[in-house]
Each structure stands twice: as C-alpha cells, then as structure tokens.
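K.L.:
Below are the chains, spelled out letter by letter.
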Amino acid sequence: MIRDIGFLEILKTNPGTSVQDLGRIGLGHWGVPISGVMDQRSFEWINHLLKNKPNAAILEILQPGFKCRFDSYTTIGLSGAKAEIRKNGELTSFNLIKIVPGDELEIGKFLSGSIVYLGISQGFQIEVILSSRSNYPKITKRGMLSKGDKVPFFTTQSLAEETFASVRLKTTWFEESILEVYPGPDFESLSNDNKTQLLNSKFTISTLANRMAFQLEELLPNSIPERLTAPVFPGTVQLTSGGKLLILMRDAQVTGGYPRILQLTEGSLDILAQKKPSQQVKFQLKKFD
Amino acid sequence: MRPSLRQIGSNLIELYWDEKPNDLLLQHILSWELAIALQLGTEVLEIRKGFQTLTCMLRSDLNPDSQRRWKALLQSNINALPLPEKVWEIPVCYDQELGKDLNALSKSKSISFEDVINLHTIPIYRIHFFGFLPGFMYLNGLDPALHFPRKSVPDRKIEPGSVAIGGAQTGIYPNESPGGWHVIGKTPTILFDQNENPPVFAKPGERIKFLSISLEEFYCLSKDSKPLKSND
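Which chain is which? The protein sequence lines are A and B, in order.
Using my numbering, you'd call the opening residue of the first sequence number 1 and step up by one each time.
Using my numbering, you'd call the opening residue of the second sequence number 1001 and step up by one each time.
One should not assume that every hint holds.
[Unchecked claim] Partial chain A-side listing against chain B, Cβ under 7 Å, derived:
1. F94
2. I129
3. S131
4. P185
It should be emphasised that the hints constitute simulated quantities derived from the structure, not laboratory data.
Glycine residues also receive a C-beta, built at the ideal position from the N, C-alpha and C atoms.
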C-alpha cells in the first residue's frame, strides 16, 4: 500500500498542544520520563473509534483557541473534554469527522473537562525518538507545538462514517471528584492528624498544574524530613517540608527527594488530568489485597 | 543486607534498604537489579533506582500469585557482585565565566577558588543512578568541605553541561533546566544524546573523575564534545 503523507497545519494555538502516545516506557533508569497522554482513557477511546493501533499518536490540546487546516483526505476523531468544535465554521457534535483537503477545524470553549484529544486515522507520524512520538522538551525537538507547525499523517479516503459516539462513552466519568489512592512508602510516617486531614478533606487544584505536576492549594503541615532521592512515577503524591502537596503527572521526573505519601490509581490519574484549577478532589484510600 | 519489600501502587513494588548510601549498598542494589531482571524480568516494564531503593513498575497489577513470586525471590540469597572498575574522565572548566556561583560559594565557605577546584577534582565519584533529568547522574563522594545548601530560590535557567553543588551532592546538568544548585563550572561533554542507544555513556556503579581545564580548552573541546577517556 502506498501511503501518502498529508499535513495538519496549526493556524492558531495556545500553549500546551503536543503530540502524544503512551510515552517512553522502560527508560526511567536513564532518567527519561514516561511522558505520554495525560488521560489514557480518552486516548484509548479515540484510537478505538478510529480503528487505530493502541499506541497511535494523537494531538493533546490543553487550551481552547485551537485552529488547524488539513491538506489531505483523512478521518479524525475527538475525545476527552467536551468542547465547541467547528468544522469550516459550523458547529459539529460528531466524534468522527471526515476530512477533505482544505478543511479547517476549530476547538473553542471547553464545556467540561480540560483536555481535548484529536486523533487521526493511523495516528500522527512525527519521528519516533527513544521508542515514542511524545513531545517532551529536550528529547524531541520541541516540547510543544505552535502556530505554523505542520504535523504529518498518512492520508486516507477511509470509509468511516461520521458518527456521534458519545452515547457509548459518557464523559461524566471525569466529573468524579474522588481519587482512589494507595498508601505511598512514607504514608505511615504521617501523624494521625495529617492522615485525617489528608483523607477527610477536600483539596483544590491550584493554577500550578501542568504536564509535570498538579499542585494542590491546601497545605498539610508536617514534620516528615526529606528523603534520600528515590523513584517517583506519574500519580505519586509528594509532600514538601512546607506542606505543599504535589501530584506528579506524566512528564514528571523519574526520581525525587520529597516524601511519597500516596500513589494514585491509573483511573484516578485520568480523572485528575481532566480537572481544571479551582476544582476540588478528595482522596480515598485503597488497601493492597 | 537483605532488603524489605513493599508494594507502593497497584503495579509498583519496591525493595528498600535502611542503610546509608555507600559502595556496598550500591553493590547490593545492582546485584538485586540483575537478579530481578533474570528471574522476574518478564513481569517488569521498568526498574528505577534511588539511593536506598529499587522500584519496579510491573506489566500488570500485583496479584497473590505474583506477590508470592516476589516474596520468594526476596528470600533467595543474592551474591553481591563487585562494582565495575571503569572511570570516566570529564573535563570541566572552573572559570567564573562558566561557573556563575563559584565566587559566592568560595566566599561564603572561605575556601579559595583553587581549593574548591582541588576539593572537587580529587575524589573519584561513584554513579549511583540516573534521575531528575534525562542523563543526570547521581554521584556519591563529594568532599564534606564542599557541602553547601541548595538555593532557597532556584535559578530559572541552568545551562546544559553546568557542574554544580547542591547540599551533599554534586552533578552535571545534561539539559537546560531550572535548578537550585550552585554552578561552579561547565563541561563541554555531552551527557545525554537522545539519538543514541543507550543515550548515556556511563552506567551506574562506574565512576567519574573531573579534570580541570582552561577556558581555551573548554571552547576547543566544545567543537567536538565527545572525547571521553576511561581507564580501559
């Protein structure tokens, strides 16, 4: 099969648009973060709808105000945050959209959730570096995409029909405010008061929330000393000596020195990824079997 | 020096040693890492190291069966293998032009530039693991005379190749990054190359020796930043 290359050209974007797949797994021992999509659930869903391979690269869009143009035939898919989507200026609520050369797509206001995923038939085809296409500063040429960038894909006049698939995946799952967590290695070093506060109060997502970590607004005054540097993972909750709670996200560094008090489940990490600053979450402790 | 085993996530399991980091502990950590790779390697996606920990990210969530296998492995006797002999020589220019914080560190500790350089280039440092940034080596062996608390307000931008001191540690920033360590010099050597496999030249357990070079030599070596000598 001859596969011609088409391009998506970014006409407008705010910071925080990147190409992502499931990330760089197995390279942490060289200090390489996993990266990859913040919300794996929405990622898997869109690749499923597009009948793509499970690791096909998508565009992750963290802010409204995105506009792009396609120069070739393809089918695209949208998932994640519910947003105002316009194709050639007209509102559309389809999840799968057929594209002809010259079509423009605009992502406006986010109605719920905080990340829109734009998948494409067979995935975006940027260079694989260290086993992944995920943008990450210093490993890929750029950490984020900007206006004028052209992202390659394989053009296809696929037969897929435009469909409205949200009946099959309600997005209400990310409106959940309970985050399931396991006790981290330093959980038992917390005082009883700390534990009660941690597990019985609500925490607010601060504006310091990015692909590396989400910081919470409320403090947890504590007397746990800093630890010798140890591995951390996406979903690790660190507690600083100043009482700040940091929930590490997909671009998190691979090691850290702050006490590791909780570890989010994968499902909770997806929920958190779709939260915005000022939204609240509550931790619910799970026990190991 | 048997580690304890703890689960820290649905698919995260950690071996932990309540010991001070030193060569012997590192020998144990590296030997256990090898044993895990050989015996339970098919279950493991990624093994990461810390100073006292070996953490495994597993392909699937732990269940009673896999827990039994991990517990059994922990009961076995692992011989601590000797550490590698290899020493990498890394040229560093300790000039104020490149080591922005050299002056402040020297003044505040009342150690002359010359002595800072001597104290920093005499030891042979042991690489314990990579972390923090891609290709950042955690080194053990900084002379206590050079221990210096991290900056309370981190610098927004530390240049790649910067050689720095933070607390009881010294290290080299492979990439541009914000950072709270005090920069005392700079190396022209590239520490992380994402187009190479592996992207780093050294391995945990091997050693690093810093060689003081002049500003001229620094600019000369910057044109060809790969000359690294090792002792074999």
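K.L.:
For every hint, state whether the structure bears it out.
P.N.:
Hint check:
no. : hint : verdict
1   : F94  : violated, 35 Å
2   : I129 : holds, 5 Å
3   : S131 : violated, 9 Å
4   : P185 : holds, 5 Å
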